[in-house]
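Colleague: Take the sequence shown: its position 139, counted from the start at 1, is 145 in my numbering, and no numbers get skipped.
Hints were generated in silico from the structure; no laboratory data involved.
C-beta: ideal position from N, C-alpha, C; glycine also.
It is possible that some hints are incorrect.
Listed below are the simulated BS3-like cross-link pairs for lysine-lysine, each with C-alpha atoms no more than 30 Å apart in a straight line [as the list claims (entries may be wrong)]: (1) Lys-98 x Lys-65; (2) Lys-140 x Lys-151; (3) Lys-132 x Lys-151; (4) Lys-50 x Lys-98; (5) Lys-132 x Lys-96; (6) Lys-140 x Lys-92; (7) Lys-65 x Lys-50; (8) Lys-65 x Lys-132; (9) Lys-50 x Lys-96; (10) Lys-151 x Lys-96; (11) Lys-98 x Lys-132; (12) Lys-151 x Lys-98; (13) Lys-96 x Lys-140; (14) Lys-140 x Lys-98; (15) Lys-65 x Lys-92; (16) Lys-140 x Lys-50; (17) Lys-151 x Lys-50; (18) Lys-130 x Lys-96; (19) Lys-65 x Lys-151; (20) Lys-130 x Lys-140; (21) Lys-65 x Lys-96; (22) Lys-65 x Lys-140; (23) Lys-151 x Lys-92; (24) Lys-50 x Lys-92; (25) Lys-98 x Lys-130.
Restraint ranges, calculated between C-beta atoms of paired labels, are given here [said to hold, decoys possible]: (26) Met-117 x Asp-11: 19 to 25 Å; (27) Val-80 x Glu-112: 30 to 36 Å; (28) Gly-156 x Thr-83: 28 to 34 Å; (29) Val-80 x Tyr-110: 27 to 33 Å; (30) Asp-114 x Ser-8: 33 to 39 Å; (31) Glu-165 x Asp-114: 36 to 42 Å; (32) Asp-88 x Glu-55: 16 to 22 Å; (33) Leu-87 x Asp-114: 27 to 33 Å; (34) Thr-127 x Val-52: 29 to 35 Å; (35) Lys-50 x Glu-155: 28 to 34 Å; (36) Gln-166 x Asp-88: 34 to 40 Å.
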Amino acid sequence: MSAFDWSWFTVRINIQGSSVEQLYRAWATRGGIEFWFLRMSEYKTVGGELRGSDEPVQKGDVYRWRWHGYSDEVTETGEILDCNGKDFFKFKFGDAGNCSVRIYPEQDELMVELLQDEIPTNEKAKEMWHIGCKTGWTFYFANMKSLFEGGIDLRNRNEQIQNVINS
Numbered sequence: 007m008s009a010f011d012w013s014w015f016t017v018r019i020n021i022q023g024s025s026v027e028q029l030y031r032a033w034a035t036r037g038g039i040e041f042w043f044l045r046m047s048e049y050k051t052v053g054g055e056l057r058g059s060d061e062p063v064q065k066g067d068v069y070r071w072r073w074h075g076y077s078d079e080v081t082e083t084g085e086i087l088d089c090n091g092k093d094f095f096k097f098k099f100g101d102a103g104n105c106s107v108r109i110y111p112e113q114d115e116l117m118v119e120l121l122q123d124e125i126p127t128n129e130k131a132k133e134m135w136h137i138g139c140k141t142g143w144t145f146y147f148a149n150m151k152s153l154f155e156g157g158i159d160l161r162n163r164n165e166q167i168q169n170v171i172n173s
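Please take these sequences and the hints and turn them into a complete structure.
Modeller: Below, the structure is given as structure tokens:
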């Protein structure tokens with residue numbers, strides 16, 4: 007039996023009734039990513055200018071993200087490592103590694119796939135970033151599907167309620 011590789015994982019989900027463009031913008035614009043994932047997103051250009059709510063990011067932009075259910079002290083910052091404006095989006099996810107998102111057709115549906123790699127492999131990182139991030143992405147992908155297909159937002163918006171799967 008081979009050893010488990012803690013340095014990466016993949017999650018993917020099928021989403022019906024959306025276009026590749028809609029799903030790409032759900033990652034690459036402030037308004038899009040706040041729709042299903044974050045309570046606050048800021049994308050800034052290399053020159054430090056804040057991008058508009060519907061303005062797509064570019065390679066080299068930086069971000070600041072905050073989640074529902076958490077105080078403002080819980081903030082993630084990182085950089086957009088690559089993006090093609092249509093179906094690929096890659097970002098540095100703090101100390102937890104890099105995330106690459108692909109959007110592609112499969113069996114007459116659209117797939118959203120995230121690969122998180124370059125995850126450190128010490129014991130703390132295995133728990134926080136492999137298990138923790140995979141659990142988080144699994145929920146947020148389900149929320150993305152719920153919102154795009156049915157309009158129901160599953161996120162916990164009450165920061166007084168802690169240790170729940172939906173924040």
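Colleague: Given a hinted range of 27 to 33 Å, is it respected by the beta-carbon distance of Val-80 and Tyr-110?
Modeller: holds, 32 Å
Colleague: Verify the proposed pairing of Lys-151 with Lys-92, using a straight-line Cα cut of 30 Å.
Modeller: Roughly 19 Å separates the two Cα atoms, so the pair holds.
Colleague: Does Lys-50 lie within 30 Å of Lys-151 when you go C-alpha to C-alpha?
Modeller: At roughly 27 Å apart (the allowed maximum being 30 Å), Lys-50 and Lys-151 satisfy the hint.
Colleague: Compare the distance between the alpha carbons of Lys-98 and Lys-132 with 30 Å, and conclude whether the hinted pair is satisfied.
Modeller: Given pair Lys-98, Lys-132 holds - Cα atoms ~18 Å apart, limit 30 Å.
Colleague: Could you tell me whether the CB distance from Glu-165 to Asp-114 stays inside 36 to 42 Å?
Modeller: holds, 40 Å
Colleague: Measure nothing beyond the straight line between the CA atoms of Lys-65 and Lys-140; if it is 30 Å or shorter, mark the hint as holding.
Modeller: holds, 25 Å
Colleague: Can the restraint linking Lys-130 and Lys-140 be considered satisfied, given a maximum Cα separation of 30 Å?
Modeller: Between Lys-130 and Lys-140 the Cα gap is close to 15 Å, so the pair holds against 30 Å.
Colleague: With the threshold set at 30 Å, check whether the alpha-carbon distance from Lys-50 to Lys-92 stays at or below it.
Modeller: holds, 19 Å
Colleague: CA of Lys-65 to CA of Lys-50, is that 30 Å or under?
Modeller: holds, 11 Å
Colleague: Verify the proposed pairing of Lys-140 with Lys-98, using a straight-line Cα cut of 30 Å.
Modeller: Within the cut-off at roughly 16 Å; holds.
Colleague: For the pair we were handed, Lys-140 and Lys-92, check the Cα-Cα distance against 30 Å.
Modeller: holds, 24 Å
Colleague: Determine whether the Cβ-Cβ distance between Met-117 and Asp-11 falls within the hinted range of 19 to 25 Å.
Modeller: Given range 19 to 25 Å: holds, Cβ gap about 22 Å.
Of the numbered hints listed earlier, not one is contradicted by the structure.
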